[in-house]
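Residue numbers (the working numbering), protein chains in the order written: chain A, 1 to 43; chain B, 1 to 532.
Honestly, the hints are just simulated from the structure, not real lab data. Being a predicted model, the structure only gives us computed values, none of them experimental. Treat the hints loosely; a few may be bogus.
What the hints assert, rightly or not - Distance ranges between label pairs, derived from CB positions:
{"hint": "1", "chain 1": "B", "residue 1": "G314", "chain 2": "A", "residue 2": "V13", "range": "31 to 39 Å"}
{"hint": "2", "chain 1": "A", "residue 1": "V5", "chain 2": "B", "residue 2": "G314", "range": "43 to 51 Å"}
{"hint": "3", "chain 1": "B", "residue 1": "A531", "chain 2": "A", "residue 2": "T9", "range": "33 to 41 Å"}
{"hint": "4", "chain 1": "A", "residue 1": "T9", "chain 2": "B", "residue 2": "A519", "range": "42 to 50 Å"}
{"hint": "5", "chain 1": "B", "residue 1": "T211", "chain 2": "A", "residue 2": "T9", "range": "24 to 32 Å"}
{"hint": "6", "chain 1": "A", "residue 1": "L16", "chain 2": "B", "residue 2": "Q433", "range": "21 to 29 Å"}
{"hint": "7", "chain 1": "B", "residue 1": "A137", "chain 2": "A", "residue 2": "V13", "range": "26 to 34 Å"}
{"hint": "8", "chain 1": "B", "residue 1": "L446", "chain 2": "A", "residue 2": "L16", "range": "22 to 30 Å"}
{"hint": "9", "chain 1": "A", "residue 1": "L16", "chain 2": "B", "residue 2": "P496", "range": "14 to 22 Å"}
{"hint": "10", "chain 1": "B", "residue 1": "W391", "chain 2": "A", "residue 2": "V5", "range": "21 to 29 Å"}
{"hint": "11", "chain 1": "B", "residue 1": "A519", "chain 2": "A", "residue 2": "V13", "range": "38 to 46 Å"}
{"hint": "12", "chain 1": "A", "residue 1": "V13", "chain 2": "B", "residue 2": "G502", "range": "49 to 57 Å"}
{"hint": "13", "chain 1": "B", "residue 1": "R523", "chain 2": "A", "residue 2": "T9", "range": "46 to 54 Å"}
{"hint": "14", "chain 1": "A", "residue 1": "V13", "chain 2": "B", "residue 2": "I234", "range": "26 to 34 Å"}
All C-beta atoms, glycine included, are put in the ideal place defined by N, C-alpha and C.
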Amino acid sequence: MLISVGAVTTLFVWCLWKVLAGTKPPEHLAHVEPIETADLEKR
Amino acid sequence: MSTKKTEAWSSKLGVIMAVAGSAVGLGNFLRFPGLVADPETGGGAFLIAYFISLLVVGLPICWVEWTLGRFGGTQGYNSSPGIFHAIIRRPWGKYVGLLGFIIPVGVYFYYVVIESWCLGYAWSSFGGALDLGKEPAAYSAHFAAFTGLKADGAVLGLGAPFLFFVGVFVLNFVIIYRGLSKGIEFICNWGMPLLIAIALILLARVMTLGTPDPAKPELSVWNGLGYMWNPRDIAHGLANPAVWLKAASQIFFTLSVGFGVIITYASYLKKKDDVVLSGLTATAANEFCEVGLGGLITVPAAFAFLGASAVAGGTFALGFNVLPQVFAGMPYGHLFGGLFFVLLFIAAITSSLSMLQPGIAFLEEGLGLDRRGSVALLGLITAVGCTLVVWFSEGLKALSTVDFWIGDIGIFLQGTLLIYIFNLSFGTERGWQEAHHGADLRIPRLFKPVIRWVSPAFLTTIFALFVLKNVAGWNLSFAEARFTPTEPILDLIGGPGHPASGVARLTALFLLVFAGFSALLIRRAGQRWEAR
Numbered sequence: 001m002l003i004s005v006g007a008v009t010t011l012f013v014w015c016l017w018k019v020l021a022g023t024k025p026p027e028h029l030a031h032v033e034p035i036e037t038a039d040l041e042k043r
Numbered sequence: 001m002s003t004k005k006t007e008a009w010s011s012k013l014g015v016i017m018a019v020a021g022s023a024v025g026l027g028n029f030l031r032f033p034g035l036v037a038d039p040e041t042g043g044g045a046f047l048i049a050y051f052i053s054l055l056v057v058g059l060p061i062c063w064v065e066w067t068l069g070r071f072g073g074t075q076g077y078n079s080s081p082g083i084f085h086a087i088i089r090r091p092w093g094k095y096v097g098l099l100g101f102i103i104p105v106g107v108y109f110y111y112v113v114i115e116s117w118c119l120g121y122a123w124s125s126f127g128g129a130l131d132l133g134k135e136p137a138a139y140s141a142h143f144a145a146f147t148g149l150k151a152d153g154a155v156l157g158l159g160a161p162f163l164f165f166v167g168v169f170v171l172n173f174v175i176i177y178r179g180l181s182k183g184i185e186f187i188c189n190w191g192m193p194l195l196i197a198i199a200l201i202l203l204a205r206v207m208t209l210g211t212p213d214p215a216k217p218e219l220s221v222w223n224g225l226g227y228m229w230n231p232r233d234i235a236h237g238l239a240n241p242a243v244w245l246k247a248a249s250q251i252f253f254t255l256s257v258g259f260g261v262i263i264t265y266a267s268y269l270k271k272k273d274d275v276v277l278s279g280l281t282a283t284a285a286n287e288f289c290e291v292g293l294g295g296l297i298t299v300p301a302a303f304a305f306l307g308a309s310a311v312a313g314g315t316f317a318l319g320f321n322v323l324p325q326v327f328a329g330m331p332y333g334h335l336f337g338g339l340f341f342v343l344l345f346i347a348a349i350t351s352s353l354s355m356l357q358p359g360i361a362f363l364e365e366g367l368g369l370d371r372r373g374s375v376a377l378l379g380l381i382t383a384v385g386c387t388l389v390v391w392f393s394e395g396l397k398a399l400s401t402v403d404f405w406i407g408d409i410g411i412f413l414q415g416t417l418l419i420y421i422f423n424l425s426f427g428t429e430r431g432w433q434e435a436h437h438g439a440d441l442r443i444p445r446l447f448k449p450v451i452r453w454v455s456p457a458f459l460t461t462i463f464a465l466f467v468l469k470n471v472a473g474w475n476l477s478f479a480e481a482r483f484t485p486t487e488p489i490l491d492l493i494g495g496p497g498h499p500a501s502g503v504a505r506l507t508a509l510f511l512l513v514f515a516g517f518s519a520l521l522i523r524r525a526g527q528r529w530e531a532r
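Please take these sequences and the hints and turn them into a complete structure.
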């Protein structure tokens, strides 16, 4: 019981840590307006 | 021309929570503990077979499905028919994805009904209405009345069971209408941590039960843990094919692989989004809930109050008959019981939502419907299927028929197709490279030959054993082989002492019509995809 429960708990905690530790904040690039294709057609 | 709005997960943790939510269900807390506690096929041998199956079948196929799903998404497809259309690139390719549509939708037909039981029981428990005394028969009677077990059509009307069902059905569609990020991801981001928190509270309560009745010192939580987790004769168990069949089947069903869900969920990832660590984390979350929580709560509690005989029944008996009686016997049991059924409800709704998304994805991309249209059409289809299950409730015959042919056979078939398509159509080497695009973790190289050779062979063997045992009725013995028709077969064709069931036949016919209708939709979708 201890081996089974311990193994799955350790794996889960390790995975969560790896996911959360690897989360990067979003990079803020220079603002770019999204292109509306309808606008292109009007030109 | 307007910009196309594509759905996407808002975070890596979000998709992991969603996949974990899909995987974690009633089986984690009710079915798995019963299997471990089984006196004939449980114990240490079962757990060894279980973990080997996790490494050889569960995890590899999980990674395969995540990989194929993300690839399909980069090709512009989010549904199984679309994804297989993109992978196989033959006119018949899209039909391989047929199961990926009918399985999640078909399972939803009965799963949402069970989900409504959980909510109804939670309501009853909090209100004290589930304290029915010490007689087991009272709890069985309550379950029978709530589910319509004794007679078809018994729960139809304005009574609590039907109102709970309608409420839960509508709730699922309200959430799915909100879309991937604001609907499914939002619910799972809150629901999964809440589920784990509730489970930890219940675990603490169970572990501190001690010996509830001093007059029966043998009935204690400690003995309950021993009953469930003692190794027993491991060598004898591992030589029993029934042990391997139960363990591998449980791994397969618990991870929601071959369900058509993970492949759709992963299709909303971008090409550079990780699938290796995400797939491993979702799997680990499921196993933590199953082995670490489910394995320590329900059976030890049932044993401590009622002994080994209480554990012998199936999933429904343990969850809806035995455990209410257990909670009724403890201080503040109505609160703990209510929490338990809230936990089951959260586990169920995060799963049922996942069953709807593949259908929504297909109707949108295959038929060009918008969100409103796809929700309406899927709502109509599932309303018909659910009505069948709710109406023909006697003996839960319609439910068990759909569960067997779609939820058991269908999933095994889809999972087997998945691993063969990955290796033969997509290519193992190409798939291995594809899986590692953007990966935060490298899959150990040992898994490459496992995915190429071991997983397909193991899964094919288990599937064949499953069919031989549960369809052909083989007793898993070579020396004294016997084939006895099983209940799903007898329900359809009848036999001595077991007349055919009209409900089972009607349900099977409905499923065939549903499959045929789905195939026609896929044909129509294929014409649209070829034209674009």
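A quick look at each hint next to the structure:
no.: 1; hint: G314(B) with V13(A): 31 to 39 Å; verdict: holds, 32 Å
no.: 2; hint: V5(A) with G314(B): 43 to 51 Å; verdict: violated, 24 Å
no.: 3; hint: A531(B) with T9(A): 33 to 41 Å; verdict: violated, 52 Å
no.: 4; hint: T9(A) with A519(B): 42 to 50 Å; verdict: holds, 44 Å
no.: 5; hint: T211(B) with T9(A): 24 to 32 Å; verdict: holds, 27 Å
no.: 6; hint: L16(A) with Q433(B): 21 to 29 Å; verdict: holds, 27 Å
no.: 7; hint: A137(B) with V13(A): 26 to 34 Å; verdict: violated, 44 Å
no.: 8; hint: L446(B) with L16(A): 22 to 30 Å; verdict: holds, 24 Å
no.: 9; hint: L16(A) with P496(B): 14 to 22 Å; verdict: violated, 55 Å
no.: 10; hint: W391(B) with V5(A): 21 to 29 Å; verdict: violated, 42 Å
no.: 11; hint: A519(B) with V13(A): 38 to 46 Å; verdict: holds, 45 Å
no.: 12; hint: V13(A) with G502(B): 49 to 57 Å; verdict: holds, 52 Å
no.: 13; hint: R523(B) with T9(A): 46 to 54 Å; verdict: holds, 48 Å
no.: 14; hint: V13(A) with I234(B): 26 to 34 Å; verdict: holds, 28 Å
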